[in-house]
Amino acid sequence: MSESGQRWFGVGRSLLADPAQAGAQACREALGGRRAALVIVFASPSHSTPAMAAAVHAAAGGDVLMIGCSTSGEYTTDGRGAGVVVNALGGPGFSASVRAVPHDSMDLYAAGETAASCLDDFDAEHRVLLLLGDGRSGDQQEMVRGAYSVAGARVPLIGGCAGDDVTQTGTWHFFSSGTDVQVLPNAVLGVALGAPSPFGIGLAHGWHKVGEPMVVTRSEGGKIYELDGEPALDVYLRRTGGAAELLADPGAFLQFATVRPLGLARRTGEDVRIIFEADAAERSISGLADTPEGALVWFMAADPDAVVDAAAAAGLAATADLDGADPLGVLVFDCCVRPIALGEDRAEAAAVRLRDALKPIPFGGFYTNGEIVRKTNAKGMHHLTVAALAVS
Amino acid sequence: MAGWSLLQLTEYFSAITRAGDVGSAARIAVQRASESTDAEVAAVLGAGAALSSVGLGRNPDPAVFAGVRPGAEVTTFPGLGPMHLTTHPLDRDGGDLLIVARADEPFAAEERQMLQGMARVLGLALRSLRTLENERRLRHEREREAQARLELLEAIERRERLLETLLRVQRAANQGTPLTELLDAITEGARILLGHATTALVLRDVRDPAKLILASLSHGAEGRRPPRPAVLDAARRAMAAKGPATEGELAAAPVHVGDGVAGAFVIAGPDGDVRASERRDVLAAFAEQASLALTGAHTQAAMHEAHHDSLTRLPNRALFLRRVERVLAEQTRPAGSALLYLDLDLFKRVNDTLGHAAGDELLRGVAGRLRGAIRDTDMAARFGGDEFAVLLDPLTGPEQAREIAQRVIDSIGRPFEIAGRAVATRASVGIAYSGDGRTAETLVDDADLAMYQAKRSRPGTYREFEPPMRLRAAC
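Chains as they are written, first to last, in my numbering: chain A, 3 to 394; chain B, -18 to 456.
Hints were generated in silico from the structure; no laboratory data involved. In this text, a Cβ means the ideal position worked out from N, Cα and C, and glycines have one as well. Heads up, a few of these hints could be off.
With the Cβ distance kept under 10 Å, some of the chain B side facing chain A (calculated, not the full set) [claimed, not checked]: (1) Y(-7); (2) S15; (3) S33; (4) R149; (5) R152; (6) A154; (7) E311; (8) Q312; (9) P375; (10) G378; (11) P379.
Under the rule of at most 20 Å between Cα atoms (straight-line distance), these lysine to any residue pairs were calculated in the SDA-like manner [to be verified]: (12) A:K377 to B:L78; (13) A:K381 to B:F364; (14) A:K211 to A:G243.
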């Protein structure tokens, strides 16, 4: 745990089997006896229970702001695991304010506006809006748009979408605006953070484009029907070398396709689009996010070493973005498809490299269903990417 | 990367067309405009206030826009420092503006053109939505007679048809419709909207920019056809004025490719029951649409051009070598891929006896046969002159490379019919395999050496590269 003046950032982790015990243990470790301004909880689905949320809140002394969400796995300097990770920050100078928007209470754009309205509560020299969305409930880009319409270009947006261990069953958010504790399914949470010292944001993915570009000649939302005027599925299988037998088994196709994404051209780089489904009858492929008609796309390939390094690269970029201030701690939002694409050993290596790169700065990260960064040159929702927020 | 942004207009068009009120149409416009240009700030300004904005927080003080003047290229917003600015009027008459600002880079000509297209479509949509809102109010107040309402409804209907036509044309542009058909769709679309008028697209002749040609023409009612010189004159006036020009029944607006004036869109004929303001809208919208289609075709062609041989449409040497390098970098076993180097025998004779045009036709024919003889995963390229190369990847082993090389030789060996004559040529082929330490350049050199040996010993056959060939070449 680091201290800078009187501001601090602490991380605790517990892999205890009992969710409530794990929550309390992780929270005590993160706080080290201090009083937190904000507690941020990342919990695996096995530990995402009301008892866990209540135990974390109580261990933080009650009457504390708390946000958090379920994950597809977490990690800290102690390594990767499936349990509870608690991040806490406090000390004079930090300000925080929170909002929760329950699932289906309004459209996603309005949900983003409401989540961002916590920025109205205070002003500070440096501010950032941390968002915990839900990658399963529709187009999260709409949520980010709504949040940006309130935050504006002066306040960067950062965060990730809650995970469910890649089971596509449902996600949970943990929330307290003081004394109450809520566990909300598929919600959107926003927290405005303020400090006299800067916040830093980093983003990295490590994929590169291959071959010649193609034009999306017909698409609707996330579904791509045609590339360069040809059925998209035919082009996809030919260019990736995928066998036609893959189509008979959606699970096998998912496994094959998640590591063979498309890159959507942007002025300053590419947005990675994960392909997760194919329709053999209409020869279409489906991506996790919108791929507009007329867009230029490439096939993306992984340079395994660069993809492993993306976590460390994002962490370092976040700490380098602090205008020279000393980092106290880092929050990491790491795409849940990355460990699948990388395999167990390389996913482990990614966490180790992040630890070695940031040493001795503490960090808490989780595997997300979509990463959020909205600042200059970053549009909003990202995939197969690592986003990081450094606090100073 | 340019080009993509123009094509994305389709999605924007359909989103704007679906918008139900002025506020949501303006919101869609500022979001798409800022996202498609990676800009921090965008706003639609009208009568001193923002109809919608992003990047400056919720309901920014109208005073922050006080410094924004049409045509200004820089501005400063509170807390954001100096930014590059681009401003686009929504229509000719009103003072409404679409403005977009970003910190890191000025806006490129193509981005500005796309934003102008977005602004124009928003302008049309807003007019239609405002008319609709007006009509609703009037109906409530029951202050207007039936005839006036009918006129308004007809105007709305025509404007909706205008948006639909624009959307259809834009969609066709995305789906790779040939440019000439696209231009015809634009003149035809405008003519149908205007009823009786004739519409035309006049462009500079590429070979002689001083000359104007009628690139597309859609005739209105019989007996109302304007003489051709009058149409060209109208175009010339708009091009010289760099803005709309009207004289009698002829109205024209300039058409651009990038920053330059490339021609003009002309409407000729009586107004009929179409109001003058609508006629101006149609003129401006279709002139812009033609500009977008031409610029889009131009950038796509330029992109293809940069990587392909203009005669045969095959990838050029640079693109080919990049692909070979990539394949070599991913290679895990020796001879996992191979490179064929081809040289045509007797080509010079064809060129000398039948002329360059026949020579060019032969090269195109060879390129076609070559494409047909290799697999989908292989890549053929023209290196210039009568030299071609093929990357074979993946490869099960040398046997497969020999088989494909023979197939290439056989298919090129069949006579070509050129200018009514049977012309024979044949290819000598060198083969080199990927392996330790091979770079794209050395692989090409090796295959070239092997080709040279084939040509010298038995033309019209293939030879595989062997290291001693290098020595022989050096001696």
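Evaluation of the provided hints:
no.: 1; hint: Y(-7); verdict: holds, 9 Å
no.: 2; hint: S15; verdict: holds, 9 Å
no.: 3; hint: S33; verdict: holds, 9 Å
no.: 4; hint: R149; verdict: violated, 13 Å
no.: 5; hint: R152; verdict: holds, 8 Å
no.: 6; hint: A154; verdict: holds, 9 Å
no.: 7; hint: E311; verdict: holds, 8 Å
no.: 8; hint: Q312; verdict: violated, 14 Å
no.: 9; hint: P375; verdict: holds, 8 Å
no.: 10; hint: G378; verdict: violated, 18 Å
no.: 11; hint: P379; verdict: violated, 21 Å
no.: 12; hint: A:K377 to B:L78; verdict: violated, 25 Å
no.: 13; hint: A:K381 to B:F364; verdict: violated, 41 Å
no.: 14; hint: A:K211 to A:G243; verdict: holds, 16 Å
The structure is inconsistent with the numbered hints 4, 8, 10, 11, 12, 13, although it conforms to all the rest.
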